[in-house]
Amino acid sequence: MHTGMKERLIKFTQEAQKRIALAGGSEDLEQLRIELLGRKSFLSEVSSAMRALSGQERAEVGKLLNDAKRTIADLLAKKQENAGASAGGSSFDPTIPFPVQPNGSIHPVSAMIASICAVFKELRFMIYEGNEIEDEYHNFEALNIAKDHPSREDFDTFFLQLPEGPRGKYLLRSHTSPSQIRVMQKHKPPFAFIVPGKVYRPDAVDASHSYVFHQIEGFAVDTAINFSHLKGILYHFAQKTFGSDVALRFRPSFFPFTEPSAEVDISCIVCKGKGCSLCSRKGWLEVLGCGMIHPHVLSSCNVDPTRYQGFAFGMGVERIALLKLGIPDIRLLFENDERFLKQFYEI
Amino acid sequence: MKFNLNFLKEYIAIPISAQELADRLTMAGIQISSMTESGGDTLFDVEITSNRADLLSIIGLSHEVAALLHQKSHTALPPVKALPPAQKMTVTIENTRDCPFYRGVILEGVSVKPSSSKIRECLTRNGFLSINTVVDTTNYSMLKWGHPLHAFDLDKLKGNIQVRRARRGEKLLGIDNKERVLDEYSLVIADDVKVVALAGVIGGRQTEITETTTRVFLEAALFAKGVVRTSRRRAGVSTESSYRFERETVARYLFAAQDEAVDTMVSHAGARIVGSAVCGTPPEDAKTRISISVPKMNAYVGTQIDKYQIQGLLEAQQCVVEQKANDVLDITAPFFRKDIVREVDVYEEIVRLYGYDNIPLKTHDAPLRAQGPEEAFFDFKNTLRVFLRGQRLNEIITYCFLNDALVSLVEAQESLVEIVNPLKKDERYLRPALYLTALDVIGHNLRNNARHLRFFEIGDSYMRQSGTYKEETRLGLYYVEQEDVSFYTVKQIVESLIQAFCGEPAVFSSVQKPFLSEGLQFQVRGGAAGYVGIFSGKVLEKIDSKKRVFVADLSVPALFAARLSQRKYKEFSRFPEVVRDISLALRLPQTFDYIRQKIQAAAPGFLCGLEVVDTYTGEKIGPGLRGYTVRFRYQSNDRTLSNDEVDKIHAQVRSFLTQDGSILLR
Numbered sequence: 001m002h003t004g005m006k007e008r009l010i011k012f013t014q015e016a017q018k019r020i021a022l023a024g025g026s027e028d029l030e031q032l033r034i035e036l037l038g039r040k041s042f043l044s045e046v047s048s049a050m051r052a053l054s055g056q057e058r059a060e061v062g063k064l065l066n067d068a069k070r071t072i073a074d075l076l077a078k079k080q081e082n083a084g085a086s087a088g089g090s091s092f093d094p095t096i097p098f099p100v101q102p103n104g105s106i107h108p109v110s111a112m113i114a115s116i117c118a119v120f121k122e123l124r125f126m127i128y129e130g131n132e133i134e135d136e137y138h139n140f141e142a143l144n145i146a147k148d149h150p151s152r153e154d155f156d157t158f159f160l161q162l163p164e165g166p167r168g169k170y171l172l173r174s175h176t177s178p179s180q181i182r183v184m185q186k187h188k189p190p191f192a193f194i195v196p197g198k199v200y201r202p203d204a205v206d207a208s209h210s211y212v213f214h215q216i217e218g219f220a221v222d223t224a225i226n227f228s229h230l231k232g233i234l235y236h237f238a239q240k241t242f243g244s245d246v247a248l249r250f251r252p253s254f255f256p257f258t259e260p261s262a263e264v265d266i267s268c269i270v271c272k273g274k275g276c277s278l279c280s281r282k283g284w285l286e287v288l289g290c291g292m293i294h295p296h297v298l299s300s301c302n303v304d305p306t307r308y309q310g311f312a313f314g315m316g317v318e319r320i321a322l323l324k325l326g327i328p329d330i331r332l333l334f335e336n337d338e339r340f341l342k343q344f345y346e347i
Numbered sequence: 001m002k003f004n005l006n007f008l009k010e011y012i013a014i015p016i017s018a019q020e021l022a023d024r025l026t027m028a029g030i031q032i033s034s035m036t037e038s039g040g041d042t043l044f045d046v047e048i049t050s051n052r053a054d055l056l057s058i059i060g061l062s063h064e065v066a067a068l069l070h071q072k073s074h075t076a077l078p079p080v081k082a083l084p085p086a087q088k089m090t091v092t093i094e095n096t097r098d099c100p101f102y103r104g105v106i107l108e109g110v111s112v113k114p115s116s117s118k119i120r121e122c123l124t125r126n127g128f129l130s131i132n133t134v135v136d137t138t139n140y141s142m143l144k145w146g147h148p149l150h151a152f153d154l155d156k157l158k159g160n161i162q163v164r165r166a167r168r169g170e171k172l173l174g175i176d177n178k179e180r181v182l183d184e185y186s187l188v189i190a191d192d193v194k195v196v197a198l199a200g201v202i203g204g205r206q207t208e209i210t211e212t213t214t215r216v217f218l219e220a221a222l223f224a225k226g227v228v229r230t231s232r233r234r235a236g237v238s239t240e241s242s243y244r245f246e247r248e249t250v251a252r253y254l255f256a257a258q259d260e261a262v263d264t265m266v267s268h269a270g271a272r273i274v275g276s277a278v279c280g281t282p283p284e285d286a287k288t289r290i291s292i293s294v295p296k297m298n299a300y301v302g303t304q305i306d307k308y309q310i311q312g313l314l315e316a317q318q319c320v321v322e323q324k325a326n327d328v329l330d331i332t333a334p335f336f337r338k339d340i341v342r343e344v345d346v347y348e349e350i351v352r353l354y355g356y357d358n359i360p361l362k363t364h365d366a367p368l369r370a371q372g373p374e375e376a377f378f379d380f381k382n383t384l385r386v387f388l389r390g391q392r393l394n395e396i397i398t399y400c401f402l403n404d405a406l407v408s409l410v411e412a413q414e415s416l417v418e419i420v421n422p423l424k425k426d427e428r429y430l431r432p433a434l435y436l437t438a439l440d441v442i443g444h445n446l447r448n449n450a451r452h453l454r455f456f457e458i459g460d461s462y463m464r465q466s467g468t469y470k471e472e473t474r475l476g477l478y479y480v481e482q483e484d485v486s487f488y489t490v491k492q493i494v495e496s497l498i499q500a501f502c503g504e505p506a507v508f509s510s511v512q513k514p515f516l517s518e519g520l521q522f523q524v525r526g527g528a529a530g531y532v533g534i535f536s537g538k539v540l541e542k543i544d545s546k547k548r549v550f551v552a553d554l555s556v557p558a559l560f561a562a563r564l565s566q567r568k569y570k571e572f573s574r575f576p577e578v579v580r581d582i583s584l585a586l587r588l589p590q591t592f593d594y595i596r597q598k599i600q601a602a603a604p605g606f607l608c609g610l611e612v613v614d615t616y617t618g619e620k621i622g623p624g625l626r627g628y629t630v631r632f633r634y635q636s637n638d639r640t641l642s643n644d645e646v647d648k649i650h651a652q653v654r655s656f657l658t659q660d661g662s663i664l665l666r
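So the protein lines, in turn, are chains A and B.
For the first sequence, the positions run 1 to 347 when the numbering used here is used.
For the second sequence, the positions run 1 to 666 when the numbering used here is used.
Isolated chain B, as found in the complex (with noise of 0.2 Å):
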């Protein structure tokens, strides 16, 4: 909100600057984010929140300033006017919780002219456009009580006016010109043939005042924050009215706001009151009376501020206060503090005004007292980003929005979880997938000629499952291919990773999706932990990416269960490893993993360990075969063993893998 200083000196002495007094706002939580002088005045924007409503006005602004500088402010509540009843004209209201009570004033032989050039003035200052009397009228009474007033040409109304919700389907011009075709979630004020306004946001172009308008209709009305909130939302326009409703004003000051603009349009625009048309309750804004303990509230704190102090303090707010025996204070906040209900509202009132930064500052003495189950997940989380990084991967965090030109590689499209408001038309989806995210990194990447490309990222992925939603944790690999880089770089790494968190080996085996052209998932300790795999050319197409791309995917809460937690001790041979190769092949598509499971069932003693240093295809082996530098290494865990010994187990593996024909020896 912006206010001006000048306005605000009508109703209070300031004696402080302007600079002094932005900090003294800013430090009792009226935050001024910036303040411009011109002409011997000067212009504040202040973020009020949004418990504060009866600070969205000058009058409440100078009830504030005056506590603060020790003032007294001149903002006396003038009586409520006596009006006469209109005879020719009824208010009804639909349902009093959108609206507890309406008043609208009928004025008649008003001469719609430019305003003084006071009013002028101080409404440009305060980023208002000076329409004619009547428009500035109303808005410079909200200005200066915080109600929102609305002016209707009284000969462009037809019949009565009801407060009502709208029907589907009905339409409204609005003084924005721009038309809203409204629902029953919207409340309306409706003359007898058409809705000439959305309650407390927005009146109509069709009921405006005009150059020519000679009698007005003066609403001042109470509506509910909910419905004005609702309204406004689906109207897509917020107003300095609607914001004041949203925050509820302060009832009381409806009637001042709508006497005072009433009295003015009578001595400065012609008009004579004819009478006025009422519905609903006149508002009570309700005095709470609170009970403090002082030392209760000092113990809340931290602080040690005596009874008669706190009561100097919340005197300056205008709260009455009476001293009650042991040490306990009666409070009653003024009429215009909605926000002070409860205790702990009066505590924050105190600590407010006796200044945050006099809070004494305990630093190392919190009484904390840790309780519950540790949480190591975040931990081990943090231990995998460590090792990724050794292994010099560069980590990525991605939104977690689908692009829509993804959804096409999802294989459960049904899964997806839609977002209701999506803010960009073309993410509407949670991803299902790590990758799905990750792709959009790989293509800027490759397009900004990068050249490392070797990416990891750890985040949720987030399905429909059975009625509800799951979200689980990945851990998302990505390798652009390059002269050191292949599929079994990140199979590699894969293994290291799972060796050196879970202990174990990780078992791998073959596995299908539309999204890779080769693909193996793997399980640790008999868990499915996730898969490796290349890139399909159908998701090569979508980043443009001439290069393969091999992922990993990991779940990460199944490395945490299959994790080693407490390591322990394993005696390890201190013997020499004894090492043999052969030379195998295979008829294609067979694959490696069909040499391991005979190898497995041949089950040779002292055999520690085994890998291929080798593979060959073509001309040197001849057409459908593939050949294998197989290593094998033998060791024991009591003694060296000879090379006879060895030679003699090696012989009986090499004889059992070749005994069926299956696998030839080269």
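The following block holds chain A by itself, in its conformation from the complex (with noise of 0.2 Å):
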């Protein structure tokens, strides 16, 4: 075949420049480029039969190949302009609504737990992640939870049928804190961790309440680590996930695990403090707990207390997520409905 094939291509382009002078209108130019350019032109049969060559023919076919292609492409382009502009527009109408591909999306959840989990890695905490199912110990007494302890109450729990395991009854961690208690088993300080997670609570489903939901657990253990740090370090938090401009507030609080203990409000998202509906005309929403790890926690994972300490904190992933997208109620984001998870491609 590549007898000659020099001289056919040069007349072949020859042709093809005639041709397209010669052309109509636009849709005659879209048939002529596909029988000059396309899969099967003659330009794409030398390209195929060119392998055949040896060296030095080949490059110079390959020369003259590539100039036929950009002569042409160039021609037909020029020509498609100026038939658009005569016939005054183009048949090709670049505005038909053609049908949307829906995007795929992350779960706002997910998403949310992505993104603060990634505001703490940047301050060196590492990520952990326990399991759901757990035992009364980590759940409970590590935690220095008693039995009896009255706060035992905001922590109603769903205990499993399962044989009793070395560390007491098997249950659904009603909360992350049991990580605190895996990893300092684990390992030595000093350390910072964060924990992502589902957890579970028998509670009535309403517009802010489900029985399952995430939580975020973060806590640091060192020999100087304190309170003031506990502060900076969630206000560098609050103000990646809420914006620079937010305001926070440390209310005394209780929690068995931590002392001193703190709830944390932020100033509205909405309002900016002012006093709006989201906030019950307080101007604060409460986002989060924390304290310092007490000594009772510390002691029962063979921390030493007199030598280090360290502070916790835990918020809820759906709260966070319903303030910051503006969701009226907890129950679209178990719904799962295709319509509303599609809003959220990220977020």
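Keep in mind that the hints were calculated from the coordinates and are not lab data.
We put the CB at the ideal spot given by N, CA and C, even for glycine.
One should not assume that every hint holds.
Unchecked claim - Here chain A is said to cover these stretches of chain B; the calculated rule only asks that three of the stretch's residues, wherever they fall, bring their Cβ under 8 Å from a Cβ of chain A: (1) 50-62; (2) 298-312; (3) 416-429; (4) 439-453; (5) 541-552; (6) 583-596.
Unchecked claim - Each computed DSS-like pair below joins lysine-lysine, with the alpha-carbon atoms no more than 30 Å apart: (7) Lys156(B) <-> Lys113(B); (8) Lys240(A) <-> Lys381(B); (9) Lys169(A) <-> Lys225(B).
With the hints as a guide, dock the two chains, each given alone in a separate frame, to form the complex.
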């Protein structure tokens, strides 16, 4: 085939130029384009036949081929432009609303978790994920929540019909705090961890409660970590999550596993503290609980509380997602309606 | 808890507005969740944390407000009333761990009337119904001192009083008109013949005070928090009384509350004191002395509070503070502060009064020293999410509870993990597989005429396994059949996911599962990784789907283990591929797998890819046959293959495949 290939290429190009010059409307041009440059064109044939050529010859033919392609394509493009202009418009209509492919999405709760964890990873926290099935010791006792302590009321729990383990009955964890114990039993301080995960509490479902939800727990233990570091780190988190103009308020509170303990409010993201319906006219929104890890918790993990100290904090992911994304009802998150999910390609 | 401002003002001067008071209390950890003004008074709704039982009374609140406002409260503790012992009545306590102390006061000549307007108004403001002089007096005393009392109609009690565990099957009709069958987990007050009250929780209808009551047995006791909690949970009721006992009342206020109630009944209801029946040890509120080092405290919190300032803050809370050498302070908390027992409790008290907002904020110099292995699993799951979003799937998150209607789909029902106390009767098990909870989502979206209908979920599945349990993270993919969606769409996603993350193809083989009409399982690097299939009609029935639904289920830990954790460059061929197609046919029900195995056995040189570009059955090919157009790709790593060379190899493959007649050439 390659005999006279160069000559044939040159001839083909000349003929092509003539045909383009004579071509009529843009429709003709499109057909011509396919004929001259398409998959079944002479040029395409040359292109596959070239592989069989030897080095020197192949280089020459290759150059001619490329020149031919470029020349023809340029001429076609120019002609196309002119044709469009002279006909007062092209038959090509780019404004047709072609069916849009719906986008995929990451669930807002997953996305929220990823984004919050990323903030803490920047601060050198490491990620730990525990199991959802836990035992009484890790969910309660080791966290200084004794059996008859009234605060167990706040941690109503689903128990599981499984043979009792070495550390008590099995249950679905009612918070992510058991991970504090798991980490401290495994690693020696200093450390800083962030623990995202699903938790379970047998609460009645309403617009702001769900019996399955997600928490993010954070904690750091070292010899000199104190409450003012906790404040600083949470302030950094709040700014990254809710914007740099956010204000923070720490209120004394009580959790069995921290002391001192605090509830943290952010200035209302809607009214910026002036008072609106979202914040019940208070100007503040409760977003997380925190404190210095109780010495009992450290000792139950064989961490010497006279040498080490640390802080811990925990937040509900759904609560933050609802606030940040303006979702009015937690049930929307678990209904998994396509029309809802699609809105959150990213958050 | 609710309290009204005027009641509080009887014990302390409050020179600031109600709003200011609410703010001060909130910032001291006593959160005012709402306040309403009416008739010159303000009613506060306050959240008392479970460690501060001392605040469940007006007296307790007045101490706190006094400390915050640097005022003095008028709340002197009256001396304990000396009462003659009762002659005809005794109290016995079965176990002093359940009830360390009990004092019943016998009153006679009581005339039961409506209360004074002051008491009535006060009770109503605080959410109580005004009943009569006797009952109102006990409630008023409880509001004031935080210690619950109970009044029995003495004429309806038979014999002596016992504080004991209930016997299985004993019954009590409560003042709420509900009859409860009791057991040994509940603590009761009983006379010689019957149970008369659930101790610390609720009284009995049979012995309650009525308009005809003239003799009263007034109970004040200490009931252990654990047993009160158990009793009231089993009884399914929570009362003002049980709420306080569960949080542990201030023992010393028991006498104040009871003595004051007795005085009121004497002065307002004509009562005459007969005597008291007592059992157990009168309560002592222990005083703990705690030493703290001021520098240590400041290092713990990150403050620089002066030791004299600390002394001032603590003394306002009625702590006794002694300055010792080396910046050490000896602190004795007041008897009503049972929450202050350790150094950290004192630290908290100091900063609470100092103001959390005054603690400096250190943003970026936190000495965080990370240690331990980087948890890559979390990142891996997020990368999977990003991949699947790119494939235009929508992530779902479902509850992990299996609906009873779906239990019949479960293969190994004995491996289901059951919940002891399910919230809903028809959600008794944890899901053993993700698809079981995703079905609901698919059903919901089909009913709502959704059109996209491609979902994924990353979540845990739970199974009983050899005496314990197995919790595994799985990835589920779900596609509802559509014009551009077939079984192969799902299979393709699985293949490209595994290729992308593990750098090698998945190996498929057929599998039977009761919930699949067709199924393939697959392995990655020799390990089982999951299955892909079409839901059986039985499954589709459950969600009323007329369309087929395709599913894939992958073990995320298996993928994680097989992933390319460290990617290394592999040289690739820069020479052109040569493509050759063959049309072949198989006798049904043989599958393409047979051809693939044959090709593998033939092991043709330079074969770098294989795909089926067309399949056909029917008239064109004849009955009992299925045709395939198979595309072979050949490529060398070091040169351009010539047509002749490829033709030769390809001809060999062709004759190898067809030599035994099981594969027909077309």
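Hints, one by one, checked against the model:
no.	hint	verdict
1	50-62	holds (count 3)
2	298-312	holds (count 5)
3	416-429	holds (count 7)
4	439-453	holds (count 8)
5	541-552	violated (count 0)
6	583-596	violated (count 0)
7	Lys156(B) <-> Lys113(B)	19 Å, holds
8	Lys240(A) <-> Lys381(B)	23 Å, holds
9	Lys169(A) <-> Lys225(B)	22 Å, holds
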